[in-house]
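Between the sequences and the hints, there should be enough to build the whole structure, so can you do that?
In order, the protein sequence lines correspond to chains A and B. Residue 283 in full-length UniProt numbering is what sits at position 283 of the first sequence, and the numbering runs on without skipping anything. Residue 489 in full-length UniProt numbering is what sits at position 489 of the second sequence, and the numbering runs on without skipping anything.
Worth flagging that the hints you see were computed from the coordinates, not collected in a lab. Take the hints with a grain of salt, since some may be wrong.
Same chains, same label: a pair holds when it works inside one copy or across any pair of copies.
What the hints assert, rightly or not - Below, computed lysine to any residue pairings styled on SDA-like, alpha-carbon distance capped at 25 Å: (1) 182 <-> 243; (2) 198 <-> 188; (3) 198 <-> 255; (4) 240 <-> 212; (5) 198 <-> 186; (6) 48 <-> 321.
Number of protein chains: 2
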Amino acid sequence: MQGLGVTGGVGLAYGALSTLGLAPAAADVARDFRAPARGDLIGRVDGKHSVVILGGGPAGLCAAYELRKGGYDVTVLEARQRPGGRVWSVRRGTSETDLNGETQTCEFSEGHYFNLGATRIPQGHITLDYCRELGVEIQPFGNQNANTLVHYRSDTPLSGQPVQYRAAKADVYGYMSELLHKASARGALDDVLSATDKEALSSFLRDFGDLSSDGRYLGTSRRGYESEPGAGTDFGAQRKPYGMSEVIRGGLGRNFSFEFDHDQAMMMMTPVGGMDRIYHAFQDKIGSDRIRYGAEVTAMRNVTDGVRVEFTQDGKQQSVTADHCICTLPPNLVGRLANNLPADVLLALQAAVPVSAGKLGIEYSRRWWELEDRIYGGATNTDADIAQIMFPYDHFHSDRGVVVGYYNNGRQQRAFESLTHRQRLAKAVAEGSAIHGEKYGRDISSSFSGSWRRTKFSEGAWVGWRGVSDSHGGHGSSDYEKLLQPVGRIHFAGDHLSNAIAWQHGAFTSARAVVTAVHARVLAS
Amino acid sequence: MQGLGVTGGVGLAYGALSTLGLAPAAADVARDFRAPARGDLIGRVDGKHSVVILGGGPAGLCAAYELRKGGYDVTVLEARQRPGGRVWSVRRGTSETDLNGETQTCEFSEGHYFNLGATRIPQGHITLDYCRELGVEIQPFGNQNANTLVHYRSDTPLSGQPVQYRAAKADVYGYMSELLHKASARGALDDVLSATDKEALSSFLRDFGDLSSDGRYLGTSRRGYESEPGAGTDFGAQRKPYGMSEVIRGGLGRNFSFEFDHDQAMMMMTPVGGMDRIYHAFQDKIGSDRIRYGAEVTAMRNVTDGVRVEFTQDGKQQSVTADHCICTLPPNLVGRLANNLPADVLLALQAAVPVSAGKLGIEYSRRWWELEDRIYGGATNTDADIAQIMFPYDHFHSDRGVVVGYYNNGRQQRAFESLTHRQRLAKAVAEGSAIHGEKYGRDISSSFSGSWRRTKFSEGAWVGWRGVSDSHGGHGSSDYEKLLQPVGRIHFAGDHLSNAIAWQHGAFTSARAVVTAVHARVLAS
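See below:
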């Protein structure tokens, strides 16, 4: 049967191991989804086999967790005082000094938070399987909302005017249907459409665009009502559509494809209580004693029959030597370590170019987005620097909540990253108020912002591979392919070495591939 | 500012009361949303003013609740042993004998349920304000999912083949964009599109359809992957698009407009634990002593200065006389009461024609839709009699869950309603298996079905007004408008007397309008 999702990460691990006789050969493995499970590494290793893992983010903790299943002795070195890396849930008490030198301490109300890094999980990602396996409770993430707004500049009267998403969609779909209906009826497409095709297309377009009997778009209830229909003769007041040219030239549909993108289409999920719940669960399974927090790695060198890693912890220089090393540090930071990596590997690492991205969370003491704008999750989109405003997907009907005042990258993020937090907030509120009105500036009780290029131990939100157009992977990049190979006993892992860059799925599948490779080496030695 | 939702129900209540000097006149009330609140009926009545309410569903309990705020003495007569009427959450222990004479008792596992009636709430509906006011916790309802399937018969090779929703959407949008792009480029629309319009349209269509540089649709990652991209050189296997004619003539897009319909577009919400939580909360606020369960009304008559209602309870004939009566019984059942309603009112009641609808819930002891099909909520659509399969929006990653095996109406429901439960299940499983595969028939631990035309005290899912094309209201129907007027001291209320038929919002706004009218009469007398 066509059409059912499968994930490939598990297949990879099984495939590698089955050649070693450790896992059952399964011809149908590519079609038969299996969650990661205790059996992933069948056959524990005998004796002591040590692996030092640099970085306690998604790749590092996943690797440690899977290696532990196989009986490996693992040590995770993590510079921060928390697990998760770029998966960072900011809540009351979170304190951070950024590379601008500014210290912020979060003062959100108890139970409220926002994810400064990863915040959503597509249904096809192995991340959900880890949530299942680790017992991390999940809930839907609002990644689409007809009641949020679009707000763009254009050369039309609509320029800079906030438009409800449902109205933008109804008008764009309406006019698009009217135009195609007209062209088809005129015979302009008779070389590619048969009479039967034309009839079926017409039927579809009438429904899709809510066209009149003569094929015109004259507005629709899908746009929403000035006042909601109620009882008796309260039939509601429909809003009139914008003009065709205004809608087309205003670019109201410029962001529509987001919601049917492969990794953004609803349903999207997220852990209850913050994305970092996944990493606290990993930590609990791995054992806190095997994760050394506050350990800043300074050197990583292949030595005879092992890898020696130096780090500072509590102001003291320390070192650990292990049989193997899995390095999950951001590729842009690896070259700074004292190392004996070959020059071509160091050059390849430099081809991973950090991307700028950041978020600002604003706690409001009044859920105006529910009370006034009838918004329960989802995001408002704009071409202003804030790019989007993300509404909370939890604490519905509470007396307060945290709105993400911007989540942007590239040029739009660079307009914020050098600012002080107070300046960021002021700019975000000014741009947000231009969309949602002056209430956007009222009832703010606290806020917190982060910029990943200015965040210690990351210095980037994710990477793009130099010379490669695909923002999700390194397809066709020789630098990328070079780093897939181990250097001595050092293996690199992370979302940057996957085709799901900036996704936890990428980090997990990379970690699983590297764990499989390490295990294969150990068993073959 | 354009584009923000408001509801009209509150405006109606305020408007009516302000003419009586009871509520503050508010010129901006239509734009300034206010939740229902204690202040709705400002100024309590003095002395004893009694209202008997027939029916303990959404309209009846809302009316009782609002009247209690104003100091009225209310008695609710409800034939069932539970509140909520057609809002019916079926869970372990639910037992019902239908009008076919068959008794079912639900054996779902503890905590699992399905809503046999109302199950979702649009963001604009006053239902959410009652949830807020009553403290009923809400969560997102999965009303759209790229991973569910569409499955339709057609005259193409795709006939009867299940296709993932995301693939159907990508192909339909792709070809639609290619065709419109081509027509525009050929100059077929030059009379309605300026050169600037054409350029903007082309830019939109390339993104919307994921077209190639020469404007063709050649497939897209939006369709999903045969295997999900993972680490290293696991770039994933994209699925090839179907042919243009197959897609158009196969009617793959026939249901797309559902998800941007005014009252179905995401985000949609629902109470945690079942829709009936709202009515248990109403019951607690009203006071159980004011609601008489098991009270089957047999007569309703205007008498001097009041209304006399007769009913049977515990096998005994009883009666109550009150100053006013609010009758929320289904319009199709009112004429059966002993009554002294005028002939034209009885005729008007007959113009409300009951619609057939029903659902069947299947508890599986394995969440195959998550494990194999990567589906977390939403619905599969088909033109088979089951019409749709709805996946649970809660208990994610549990070891079990309740799938709604059909939710259909009209002809499709009539194919089920006369069957025994066992026959319904067999038919639903056969049709579901043709879509989701043979796993659909495995791991079934229990099931429960209901057909509203065969359900005592309802005998219909909702009504359509004779001679009116609008399925959501009675716009233009003289029968509808007649029933908006009280008959003596009897007022009719219910979703059938609103422009949101089959929605709780309709019942609530109707109840609020009638409460306002009763209050106005009392104060004017």
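Going down the list of hints, with the structure as the test:
In this homomeric assembly, residue 182 and residue 243 come within 25 Å of each other (Cα to Cα) both inside a single copy, at 17 Å, and across copies, at 23 Å. For the identical chains of this complex, residue 198 and residue 188 are neighbours both inside a copy (11 Å) and across copies (16 Å), given an alpha-carbon limit of 25 Å. Taking identical chains as interchangeable, the C-alpha atoms of residue 198 and residue 255 lie at most 25 Å apart only when they sit on different chains, with a minimum of 18 Å there against 29 Å within one chain. Within a single copy, residue 240 and residue 212 get their C-alpha atoms as close as 15 Å, which meets the 25 Å cut-off; across copies the closest is 34 Å, which misses it.
For the identical chains of this complex, residue 198 and residue 186 are neighbours both inside a copy (11 Å) and across copies (18 Å), given an alpha-carbon limit of 25 Å. Taking identical chains as interchangeable, the C-alpha atoms of residue 48 and residue 321 lie at most 25 Å apart only when both belong to the same chain, with a minimum of 13 Å there against 86 Å between chains.
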